[in-house]
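There are 2 protein chains.
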Amino acid sequence: MSIIVQKYGGTSVATIDKIKSVAKLLIKRKEAGSNVVAVVSAMGKTTDNLIRMTKEISANPSKRELDMLISTGEQITSSLLAMTLKELGYDSISLTGFQAGIKTGDSHTKAPILDVDIKRVEKYLNEGKIVIVAGFQGMDKNGDITTLGRGGSDTTAVALAAKLNCPCEIYTDVHGIYGTDPGIYPNAKKLDYITYEEMMEMASLGAKVIETRAVELGCKYNVPIYIALNTGECLGTYIKELDESMETKVITGLTVNDDDLMVTINNVLYNTKDIYNIFNKLSSRDINIDMISQTAPVNGYVNISFTAPKCSKSIIEELVDELKTNMEKIKVDIQEDITKISVVGLGMRTQSGVAAKIFKIFADNDIEFKQVTTSEIRISYTINTKDREKAVSNIAKEFNL
Amino acid sequence: MSIIVQKYGGTSVATIDKIKSVAKLLIKRKEAGSNVVAVVSAMGKTTDNLIRMTKEISANPSKRELDMLISTGEQITSSLLAMTLKELGYDSISLTGFQAGIKTGDSHTKAPILDVDIKRVEKYLNEGKIVIVAGFQGMDKNGDITTLGRGGSDTTAVALAAKLNCPCEIYTDVHGIYGTDPGIYPNAKKLDYITYEEMMEMASLGAKVIETRAVELGCKYNVPIYIALNTGECLGTYIKELDESMETKVITGLTVNDDDLMVTINNVLYNTKDIYNIFNKLSSRDINIDMISQTAPVNGYVNISFTAPKCSKSIIEELVDELKTNMEKIKVDIQEDITKISVVGLGMRTQSGVAAKIFKIFADNDIEFKQVTTSEIRISYTINTKDREKAVSNIAKEFNL
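Those sequence lines, one after another, are chains B and D. Just so we're aligned: 365 in this note's numbering is position 344 of the first sequence, and the numbers increase by one with no gaps anywhere. Just so we're aligned: 327 in this note's numbering is position 306 of the second sequence, and the numbers increase by one with no gaps anywhere.
A couple of the hints might just be wrong.
As the list claims (entries may be wrong) - One side of the interface only, derived from the structure: several residues of chain D facing chain B at Cβ under 10 Å: (1) K41; (2) K45; (3) T75; (4) I78; (5) A80; (6) M89; (7) I91; (8) S113; (9) I139.
Said to hold, decoys possible - Derived CB-CB ranges, DEER-like: (10) B:K45 / D:T346: 42 to 48 Å; (11) D:I72 / B:L109: 15 to 21 Å; (12) D:K66 / B:C332: 47 to 53 Å.
Derived from the structure by calculation, the hints contain no laboratory data. All residues carry an ideal CB built from backbone N, CA and C; glycine is no exception.
In isolation and in its complexed conformation, chain B is listed as follows (with noise of 0.2 Å):
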């Protein structure tokens, strides 16, 4: 008998109606032949509710703690869904995270999973039950409650699908991967496949609907994943290794990201020190930065410019006014409006040509961009807030996404 693994996410579940629709979808599947296994994320705004008590607490609570907290969450609707299930007279069984066997680090709150030990998964679907696992959570080798993290229930789906050798689902609240945001670009096309490393490189760029982790995982064992939206009355899109099937493009998927802003660094003595100071301490501060450009020498002078995240605004603030003891001439500005657009494709890999494309769809648009890098299968840019939408639709447009 066949495996399936689904995900449904907080939204999917926010209430008991909507729990009950979803019992009904796994119904549907077991009756069709298939041994189910749900992995479901907390109720709607639990977590969010649970994460707002310990704001009374600590502004920094305890992250062990704060594991054991949020994990009730995904706990509850697991619960919730087995008893529906039964109601409904299809025998169900809902586990915790540990109780499913996921292991995993000890890092609290981002934890990474180790193994999983299938056994009672395996058991209960021989029994002929639909088994409900609280998604994001497992326990470390000290018999803590770990969370897994943002998008943690896709990790935890993937990795039971992984384990049990079987394609996973995940049902969420969009219609499945779009080429680019239909927030900004409504004409955007849904996707009917993506390959896993196109996703990851999505993914990992800002594009929400599955985190990276998943799609590595994904990737890594080989398990086909299908997005879709909840009702399950809409095709979604597969996310798969190349095959012959796919229709070869060169740009799968536009990414934007307003999470960043750019820091320019005027006047550093070109010397190798003074470079390496910069990027030591931002560094030693778990600063995560990104495009990196430096302009050519001029006078043994550079001017040095890269990303960051915006929350990590303040401590590069400090960090400047240090660097700034040992490196009197340096100027520094700090830009905020800025957006970075990334082009994702395989088909890079083989037809050249794609950044000369966007370039002549900057200059005809009149649009500057300040930075730009490149890697095997995706070129990304950054420009300013203002010119978004303009180079989102142009590019959209252009390459039919």
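Chain B is already provided as a structure; the job is to place chain D on it using the hints.
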């Protein structure tokens, strides 16, 4: 270093502010030189709210799933309390029931504690941590989460104290154990101490401050139990073995219970088969009957009365209809406005005349009683509910309760 187990009920941890107050009490005890274990219940109405959700799903939800669901309530409180202690600079760790080694039977929603593996709690105490344990829950041999039923957190606390060989303090929203219910007799006196045996009788008769099972466990392992108001400011009541320091009273307590109804079956043929048939039917439907009385046979017929919980009324009516098919002559009367009054005291073992004194009180005050049953340390009477206050106040005055 001495160890103390404290238990805080739902009203004591109903809000974050109340959790902060509990944290301060724990710290005070820690600073005074004790190793501290705190057992906590779910915050205020949390459990009720979780159960309300299940009502939208099923009139009779899966008990295994119900345990999975409601055990989250205590887990939430315990993590928030540990978080608060850490914020105040005191090392602390929260444990679910199973993490604290609470091993139970598998009768979900009312599982008995079978054993406590105390290793993990001891380890953390040795590290100087204040250990917070989620009350009311444990794990069965299948690895399923169980709950212990009504008053389960008291049982958790006493079981931990038994294994740690230390006293147990139960903090609640009343000042301790009263000789009788102050809601009925406002002059009721708080007891300084009461023996396990007396408290077990009182608790099983409906005094709701502590669950019978917890007292039984305390008695079995000789755990001194102290019950007091959760502010920690007033002297409460000790539940312990009889010792010489205790003043000998004939009657320690008087309990009042309005939860029962009285069933009278008239014209039962006086043969063992018919009488067996009645009680067998009741027991087959798990009706918890009490205070059975039977008139002397007249012309080969007897009248039988018994009390049973008011919540069993509809089942009893069903059973009565079934009985009538074979026992055509019987006439059944169900009376709901009855009250059971019980006096409890170790002194009754050695002093006679208690029953006589109470019969005199009833006669002097025109109180009709319907049934009377006695055990070694208690006498119970069924009276009309309208006479309740009169009976209680006269008995309380007579025995100085």
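Hints versus structure:
1. K41: 8 Å, holds
2. K45: Violated, because the Cβ-Cβ distance from D:K45 to chain B comes to roughly 13 Å (cut-off 10 Å).
3. T75: 6 Å, holds
4. I78: Hint on D:I78: holds, closest Cβ of chain B at ~5 Å, below 10 Å.
5. A80: Status holds, d = 9 Å.
6. M89: 4 Å, holds
7. I91: 9 Å, holds
8. S113: 8 Å, holds
9. I139: 14 Å, violated
10. B:K45 / D:T346: 42 to 48 Å: For B:K45 and D:T346 the Cβ distance comes to about 44 Å; the hint holds.
11. D:I72 / B:L109: 15 to 21 Å: 20 Å, holds
12. D:K66 / B:C332: 47 to 53 Å: Since the Cβ atoms of D:K66 and B:C332 sit about 37 Å apart, the hinted range of 47 to 53 Å is violated.
Comparing the model with each numbered hint stated earlier shows that hints 2, 9, 12 do not hold.
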